[in-house]
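Top line first, the protein sequences correspond to chains A and B.
Each residue of the first sequence is one higher than the last, beginning at 1 in my numbering.
Each residue of the second sequence is one higher than the last, beginning at 262 in my numbering.
Honestly, the hints are just simulated from the structure, not real lab data.
Any given hint could be a false lead.
Only pairs whose alpha carbons sit at most 25 Å apart, straight line, appear in this in silico SDA-like list of lysine to any residue [said to hold, decoys possible]:
| id | chain 1 | residue 1 | chain 2 | residue 2 |
| --- | --- | --- | --- | --- |
| 1 | B | Lys-277 | A | Met-75 |
| 2 | A | Lys-215 | A | Met-75 |
| 3 | B | Lys-277 | A | Ile-125 |
| 4 | B | Lys-271 | A | Met-179 |
| 5 | A | Lys-79 | A | Asp-94 |
| 6 | A | Lys-12 | B | Ser-275 |
Pair ranges (Cβ atoms, derived) [stated by the list, open to error]:
| id | chain 1 | residue 1 | chain 2 | residue 2 | range |
| --- | --- | --- | --- | --- | --- |
| 7 | B | Ser-275 | A | Glu-207 | 24 to 30 Å |
| 8 | A | Leu-239 | B | Ile-320 | 46 to 52 Å |
| 9 | B | Asp-302 | A | Arg-236 | 42 to 48 Å |
| 10 | B | Asp-334 | A | Thr-92 | 45 to 51 Å |
| 11 | A | Leu-192 | B | Val-294 | 26 to 32 Å |
| 12 | B | Thr-306 | A | Asp-108 | 53 to 59 Å |
| 13 | B | Leu-331 | A | Arg-236 | 22 to 28 Å |
| 14 | A | Gly-43 | B | His-286 | 52 to 58 Å |
| 15 | B | Pro-315 | A | Ser-101 | 33 to 39 Å |
| 16 | B | Ile-320 | A | Val-104 | 43 to 49 Å |
Positions of the beta carbon are idealized from the N, C-alpha and C atoms, including for glycine.
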Amino acid sequence: MTAQVVTIASGKGGVGKTTSVANISVALAAQGKKVTCIDGDIGLRNLDVVLGLENRIVYDLVDVIEGRCRLRQAMIRDKRLPDLYLIPAAQTRDKTAISPSDMVRLCDELRQEVDWIIIDSPAGIERGFKNAIAAADRVLVMTNPEVSAVRDADRVIGLLDAEEKGPAALIINRLDPAMVKRGDMLSVEDVLDLLAIELIGVIPEDENVIMASNKGQPLALDGKSKAGQAFQNIARRLLGEQVTFMDLESQNLFQRLLGRK
Amino acid sequence: MINFLFGRKKSANSAKERLQLVLIHDRTDLTPVELESLKDDLIETISRHIDIDPTAVKINVAQDGRSQRLVADIPLRTVGRRRGHEPGSSAG
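Construct all of the structure, not just a fragment, from the sequences and the given hints.
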């Protein structure tokens, strides 16, 4: 096995990176792939609670890197999906506890064990981000259809190009089709015009996302919600399938005429 | 025009226009003030060689995917016009 390493980054915090890492990992594992997700947000651990695995942590990422445990011991196996593992972040350390080359070494070892490694980057463009992208074969940049998130995504896309980690692919999260329709939210086309990169997923605003994280049961598991389907579609696109984008905002001609200058 | 008729500019349009300008600055590290001063320098230099209308000069950063290019539109004053012909008088 030689895993593909995918990192999800955004620059801005709170756009939905952790939720996406959880759901894309779950969706890949549900397709029968062996997946390990890594929480790169050292000091602000969260992927464990979103996945509902917070009570099973013994060792963490920093423990592996500093040699206090073997890689296998830090991989928490999901109770629902036997091919899904989590390597949690350390909570009492900070981003400087590991280096980009530590991440490359860890992922090189892990690549032999699994099909996919999905890394949750912390917000920001400093050390934590650099650690998170160091081993990545592919980076997915996440944004919301909102000025600050789009601006930060553009910055991250530029940095990825400079680090020769590009071209990145874009996930637009929390799109509200009704707001787009009435001209009060940037549309998918607007964001793509601005950022000029490939699109890999659009997640609609969906209250099921919060309900799922309340319970620690990622919504990609049931797949009835629109957001759950959108995450499954991203996983399928990662696997190389051509999946058409869900019709979220279907504007008719009249609305287009009104909505555009 | 449509915005005028409907009373209000859609906020998504404002967001897009504002972001277009902000991203140009972020990507090129060129502020609107610096762009103006570049324009003044260009006008001064070009005017030394050829007669141009300084008020008609336009300079912009254009997007081509993720790369930027500096586009200057510098209309030349024709010799004919300078001698007092009305603009467009030769048309037709």
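Original post:
For this structure, which hints from the list above don't hold up?
Top reply: As far as the earlier hints go, 1, 5, 9, 10, 13, 14 and 15 are violated by this structure, in ascending order.
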